[in-house]
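Colleague: Protein chains in written order, with UniProt numbering: chain A, 1 to 430; chain B, 1 to 430; chain C, 1 to 430; chain D, 1 to 430.
Keep in mind that a hint or two might mislead.
Note that identical chains are pooled: a pair holds if it fits in a single copy or bridges any two copies.
[As the list claims (entries may be wrong)] No farther apart than 25 Å at their CA atoms in a straight line, the calculated lysine to aspartate or glutamate pairs in the DMTMM-like style are these: (1) Lys31 to Asp358; (2) Lys416 to Glu80; (3) Lys249 to Asp8; (4) Lys249 to Asp214; (5) Lys416 to Glu160; (6) Lys31 to Glu202; (7) Lys31 to Glu396; (8) Lys106 to Glu80; (9) Lys31 to Glu13; (10) Lys249 to Glu314; (11) Lys249 to Glu160; (12) Lys416 to Glu116; (13) Lys31 to Asp402; (14) Lys31 to Asp41; (15) Lys416 to Asp370; (16) Lys416 to Asp134; (17) Lys416 to Glu13.
Keep in mind that the hints were calculated from the coordinates and are not lab data.
4 protein chains.
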Amino acid sequence: MTHGLISDELIAERNARARAALDEDYAALGKQLDRADIAIDSITQSISSFSVAVPTWGAGRGGTRFAKFPIPGEPTTIHEKLEDCGVINQLCRMTPRVSPHFPWDKVADYQALREEAAAVGLGFDAINSNTFQDQPGQSQSYASGSLSSTSDAVRQQAVEHNIECIDIGRQLGASDLTVWVGDGSNFPGQQDLTRSFDRYLEAVGLIYAALPGDWRLLIEHKMFEPAFYSSVISDWGSSILAAQELGPKAQCLVDLGHHAPNVNIEQIVARLNRFGKLGGFHFNDSKYGDDDLDSGSINPHQLFLIFNELVEAERNSGSSFRPSYMIDQSHNVTDPIESMMMSADCIAASYAKALLVDRAALHDAQERNDAMAAFQALRRAYNIDVTPIVAKARAEAGGAIDMIATYRDSGWRQRKAQERQRVGLGAGIV
Amino acid sequence: MTHGLISDELIAERNARARAALDEDYAALGKQLDRADIAIDSITQSISSFSVAVPTWGAGRGGTRFAKFPIPGEPTTIHEKLEDCGVINQLCRMTPRVSPHFPWDKVADYQALREEAAAVGLGFDAINSNTFQDQPGQSQSYASGSLSSTSDAVRQQAVEHNIECIDIGRQLGASDLTVWVGDGSNFPGQQDLTRSFDRYLEAVGLIYAALPGDWRLLIEHKMFEPAFYSSVISDWGSSILAAQELGPKAQCLVDLGHHAPNVNIEQIVARLNRFGKLGGFHFNDSKYGDDDLDSGSINPHQLFLIFNELVEAERNSGSSFRPSYMIDQSHNVTDPIESMMMSADCIAASYAKALLVDRAALHDAQERNDAMAAFQALRRAYNIDVTPIVAKARAEAGGAIDMIATYRDSGWRQRKAQERQRVGLGAGIV
Amino acid sequence: MTHGLISDELIAERNARARAALDEDYAALGKQLDRADIAIDSITQSISSFSVAVPTWGAGRGGTRFAKFPIPGEPTTIHEKLEDCGVINQLCRMTPRVSPHFPWDKVADYQALREEAAAVGLGFDAINSNTFQDQPGQSQSYASGSLSSTSDAVRQQAVEHNIECIDIGRQLGASDLTVWVGDGSNFPGQQDLTRSFDRYLEAVGLIYAALPGDWRLLIEHKMFEPAFYSSVISDWGSSILAAQELGPKAQCLVDLGHHAPNVNIEQIVARLNRFGKLGGFHFNDSKYGDDDLDSGSINPHQLFLIFNELVEAERNSGSSFRPSYMIDQSHNVTDPIESMMMSADCIAASYAKALLVDRAALHDAQERNDAMAAFQALRRAYNIDVTPIVAKARAEAGGAIDMIATYRDSGWRQRKAQERQRVGLGAGIV
Amino acid sequence: MTHGLISDELIAERNARARAALDEDYAALGKQLDRADIAIDSITQSISSFSVAVPTWGAGRGGTRFAKFPIPGEPTTIHEKLEDCGVINQLCRMTPRVSPHFPWDKVADYQALREEAAAVGLGFDAINSNTFQDQPGQSQSYASGSLSSTSDAVRQQAVEHNIECIDIGRQLGASDLTVWVGDGSNFPGQQDLTRSFDRYLEAVGLIYAALPGDWRLLIEHKMFEPAFYSSVISDWGSSILAAQELGPKAQCLVDLGHHAPNVNIEQIVARLNRFGKLGGFHFNDSKYGDDDLDSGSINPHQLFLIFNELVEAERNSGSSFRPSYMIDQSHNVTDPIESMMMSADCIAASYAKALLVDRAALHDAQERNDAMAAFQALRRAYNIDVTPIVAKARAEAGGAIDMIATYRDSGWRQRKAQERQRVGLGAGIV
């Protein structure tokens, strides 16, 4: 299934070396969980069923407006990106879908692309449209906005691009369209805050109308950047009101880095789910703004608390609960393959910890207003080192126990550095 | 009408001294505005019609959890507070209503209280309920929440208190009930984020059901404090969703200090109005958290931008637009009478500046995406010194041109320091 | 040694029930660490040597300016507080010193107080002065500041109070004086930002001059509250410049909740240590402002990263490295004894994790700019569940393996609720 | 002097149309100020003497990591940029110096460049070095830092580049070197927070040693971006400690957008000046992060408060007070010429308002702790519309009364759109 990627023998060989330690740790943890009446294998099973998509653009080095520092062997085409995403999934066994971005990933034959992906073990996840950049040859500019533009022609172009994305997505087997617009303003007064929102609603309504019956339209809000005074869809409030206006197929997507400082994101997750509008996540981490750092690298406890809400939501919502999960990071200082493997690992570990919470004890303490007991119910689960569970799930599916070591051993990047065209310097914009 | 307050002769005498300069400045500004085809008297007329309520509790010195430093002559009863609020309105002529708080302002005879207020020129504005503190003799404690409590008895007590507030309000001639709850949690896990919101909705629904036909229920959100991990109604998103669930008489109240850092509050105002839920304001200013500083003292430009949205909203919404305006500040280092007079002045000045915006030019520039021209349309108005307009409106209504000087001349506080009981030391809580 | 507190038999009995599980987990972790060439007992030994002080005022319920909700059995005198702190240390064996606050903890005979503390196993840590509140009978008011006041008499009173604190501290066996002032302003212009700092420097210099040779003066900075526009010692920059002006006995104290949003506190720790001015910590956690939540309850990863810097600093600085550690929290919704035990546990666990970092691997990766390897060196240690290590250290010293369960079993609070005087309602200030 | 720029006749003609209104407003303001014993002409004189530099790179459109939207006629060479900066100064008469950036502005003959600048009325201000991007052909990469890099060769290259900048600066007549590094990390552990600072200190010390006797080295701190976990010089504390280590020629530069949320920047200005280290400013405005918006567009009151500190500092420091002032903005949605003219105008207006403060009244109120009177001393000055003063100073120097209208009338940009090479699409990095 994963032809031409990393040799399965190498994985097996590295795993053989790591197996004894893993088994020992897994057994010890199993005994510990047994004492709490938790069957470790059931948790491992849940982790085995868990997956998160990776974005094609995340396979390349990211950067800032100041600079981008490419690495040798970095992929520059959708074909090379699929290959690298194949390696990620081959080693972590948790990222079987890629999320493409158009026009960046445009090809002539999408059926062929779908087969190419399948050949490296991948399917396609949510389609991402792009109306925040101008493309060569484009007739209208997004300089003053896209779906909320004052220009009919600009809005029409943006709508048509999104509808084209749906069409491509159908060919690729996707069923979600993620709409993020950078529309907004840099000066007080630059835009009419209400009329621009109304124009957005009207335009996104046209996209919604073109959505196949089993598709979702995911609205992604963002507080700021590229707009630095106001953004049309700046917060979850604007997002959910727009989603309500559109209808049941419209839902809200939460990017962890798109919020105001100090905001309680797990409560936003709970609220969106309470109103039936929790559509999905872009996982990453941040300390300052939309830093797009590796998931859980800055605040792993927050990630756990979000999964705690997701586990609650899953229990309360039943089969209707199927949020779309994607990693969305900018890998400015690491090898993107390493970052995405370890991020998937961290996300899965957060889910595993949330599954380990003694919910009966938690709910009981909540009812009794025993704040300490309720908190400790969460904290006990958070403290548990679930590394063996996630590694076990991975290894059983054919992945690598020690992903970084195995990947580095494989010499993948060095080999690609020989084969692939060199990326030019990213000199930055300002 | 304002018996026993500051002598009208003193006001007249001080005004006589200040009149010539005011007339000169007013005339000069009038000529400047004439060149822009604005009749200064029409703006002055709008300011004359403008009013903002003051809270009874604002008449006393405020403090922090660390300390409160009382001043001699500070009011300690609702009767003394009404007197001080009467002085505020006598001098600024813009605060003809007070907003009471229960149980703080409880009396035996509300009809008498209404007459007492009328005697110093005041009526009653929105009623504020209090379920964030325990009162002596209260059967249930709000230690673990009020409207969202897990205890049926606690929720019932909180609902009944609010319904009693409505009843008192009817006697006082009010028609708004402002509901702010401090409910929330200090620990992850302490409360179920969804169930607590559901309990809140159910309880506030009972209050809503008891609302007279011409009343509004104003929901006030707050990001944090007294709860430091999660708050049930923490942001405008939670607030508007609750208001939508309740029905048309429920609206959202914006306190300027209750938001996350960096948030664009004027856009929140625009969104709430767009969805018919802009119920009112608690005016104050802040640099860090809910600092409750004097309105416009930290960021007067933001206050102007909010009024710019309010003027837009008024034009678009017509007669249905009638948000409730109140000053809500904590006067920790000033004489509260001085702070509230100057705050009313600053709020009115922000409104005057917003009225001076060339809206045709603004909208035209917005349509053309001429960011600089649009911004300058706002900035030109903001730069104008509207002091003479607000002072003129005040003086014509019988108020003081120079409010601080007149107030200090009157010796009001020193006189009250002789008459009133001394406030005890506020030693703070931590 | 801990007469009259919780019965040692109860602790032993509860421990007997928990011992087998602890031994099993400890052994399993020992085997895991062995594989990384770490002797678990050496880590346990370091934890056994670790201690953190608790503040006397933390033994009572805290609150906000809105309300305080007391609990039955809450201590109200220094004698009762010492008793409760004795229980904390009896169960956690990690908090053998209390940090008193004057005038709150004033008594007639400090030698007797010292013996009283010793009788429950406690000594005295840093003395905290208080010039942010007015006390009954005080001749000067701190309403307009203390050490930075424009009034000579006020500054003199504040200096004398601090010198009295030193004198009391000598009698109690302390050797640190922590100086936090709430001095600052609520309005632009209210204070001259430079002259107020100069007055502070002059006044604190007089305190410094009165310091015994082996004492330290710890300067505590805070961004805001009670002052909401400017604070005289608002950040680590002002703090270290003041400490440099004073001399070698002056150092900086870091309270984790006193910083601007998003700030990298661990880097501040590194900078202060780099310049020889890292004096100590007030441990707590926060999400919004100076929330004074339980240590590690919101962001345990940040606490780990701070201890990572402390371990680095200790290695680099040798015996001169002896920062003062104290818990400083406001226990608004929990039993303070439970919160402080669990906070000490979380702080010690963070230290244990920092000790588990493979520093050779970390430094090697840093030198090679291998960001992923460096990060994973930290993350591997952070992921380890060190609960057995801290519990083992505690149990070996006579403490309780399961502190909460043991404490609740003891019925301490219910017993005290019978014996102690009831606390009045804390109605809040605003 | 300003050959080939905008025709002086056009300026004169437009001014003739605007003169009467200006004279009327100026006279009215003069009368108002007379009443406060302020001679308007003395303020106008101070504004005439005021200047602020503009950065060469600011003459082009800026952008974000997502996109850049060029405009027709945008300058792409240092020669075209000088021309545009000449126009700015021709119209506003307040920006007689440009601040170049290397290697962006490299030419073969700097003497010729100096003459070219002089021909359009310009001199050179602080030199900006660039070690945050890699240049084609550069031997070492700044991917892992520059002055703080772990690599000797990288640090040496960065030092040599800065020394080359000094050499170029001498030829251009400059006497300040501004050093901003993007050095930092994206992951906890990635860099040793202390060792990286030590390496920075050592490297910048080599640059300092190469500084001519009458030069200053300006250290610019920045909280985040491009590094998203830690930055080597992240705050004013790190900046001033580094400047102190270096010596008297090293000073600190304050960029208004480089601080944590909510921070009191005017107090930082006061502190830096108190310790003799206030080197200069990069003026801009921001709402979220380093937004680089037009000066005073978001928070004009903060800009006024900063100038209030600068006026205080000037009075206290005498002739030693000579901070370097520069506009540093990213013009993403406006014509850069318009933005820089209006920014200079807003900066000068803030200075004018600060000069209008009644300092005797302010200081007296501060001494008496009369917070309201002190605040009103500032607020009265802030409220004054100083537009006529700044316009008068400009017009008397030959600039345009209405800068935007005159500039647009001139057709400068349209003409340049014919002459200049088109800028390529800035497609952004992520």
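Colleague: Each of the hints needs a verdict: does it hold here or not?
Modeller: Hint check:
In this assembly of identical chains, the alpha carbons of lysine 31 and aspartate 358 lie at most 25 Å apart only when taken from the same copy (16 Å versus 27 Å across copies). Taking identical chains as interchangeable, the C-alpha atoms of lysine 416 and glutamate 80 lie at most 25 Å apart only when both belong to the same chain, with a minimum of 9 Å there against 42 Å between chains. For the identical chains of this complex, lysine 249 and aspartate 8 are neighbours neither inside a copy (41 Å) nor across copies (62 Å), given an alpha-carbon limit of 25 Å. For the homomeric pair lysine 249 and aspartate 214, the shortest alpha-carbon distance inside one copy (8 Å) is at most 25 Å, but the shortest distance between copies (37 Å) is not.
For a Cα distance limit of 25 Å, the shortest separation of lysine 416 from glutamate 160 qualifies neither inside one copy, at 37 Å, nor across copies, at 34 Å. Taking CA atoms no more than 25 Å apart as the test, lysine 31 paired with glutamate 202 passes in neither setting, with 58 Å inside one copy and 44 Å between copies. Proximity of lysine 31 and glutamate 396 under a CA criterion of 25 Å is satisfied in both settings, with 20 Å inside one chain copy and 24 Å between copies. In this assembly of identical chains, lysine 106 and glutamate 80 lie within 25 Å of each other by CA distance solely inside one copy; the values are 13 Å within and 37 Å between copies.
Taking CA atoms no more than 25 Å apart as the test, lysine 31 paired with glutamate 13 passes between copies only; the shortest distance there is 23 Å, against 28 Å inside one copy. With identical chains, the CA atoms of lysine 249 and glutamate 314 are at most 25 Å apart within one copy only, with a shortest distance of 19 Å there and 34 Å across copies. Taking CA atoms no more than 25 Å apart as the test, lysine 249 paired with glutamate 160 passes inside one copy only; the shortest distance there is 19 Å, against 40 Å between copies. Proximity of lysine 416 to glutamate 116 under the C-alpha cut-off of 25 Å is restricted to the intra-copy arrangement: shortest distance 18 Å within a copy versus 49 Å between copies.
Within a single copy, lysine 31 and aspartate 402 get their C-alpha atoms as close as 23 Å, and across copies as close as 19 Å, so both meet the 25 Å cut-off. Within a single copy, lysine 31 and aspartate 41 get their C-alpha atoms as close as 11 Å, and across copies as close as 22 Å, so both meet the 25 Å cut-off. In this homomeric assembly, lysine 416 and aspartate 370 come within 25 Å of each other (Cα to Cα) only across copies, at 19 Å, whereas the closest approach inside a single copy is 56 Å. Proximity of lysine 416 and aspartate 134 under a CA criterion of 25 Å is satisfied inter-copy only: 23 Å between copies versus 30 Å inside one chain copy.
With identical chains, the CA atoms of lysine 416 and glutamate 13 are at most 25 Å apart within one copy only, with a shortest distance of 22 Å there and 63 Å across copies.
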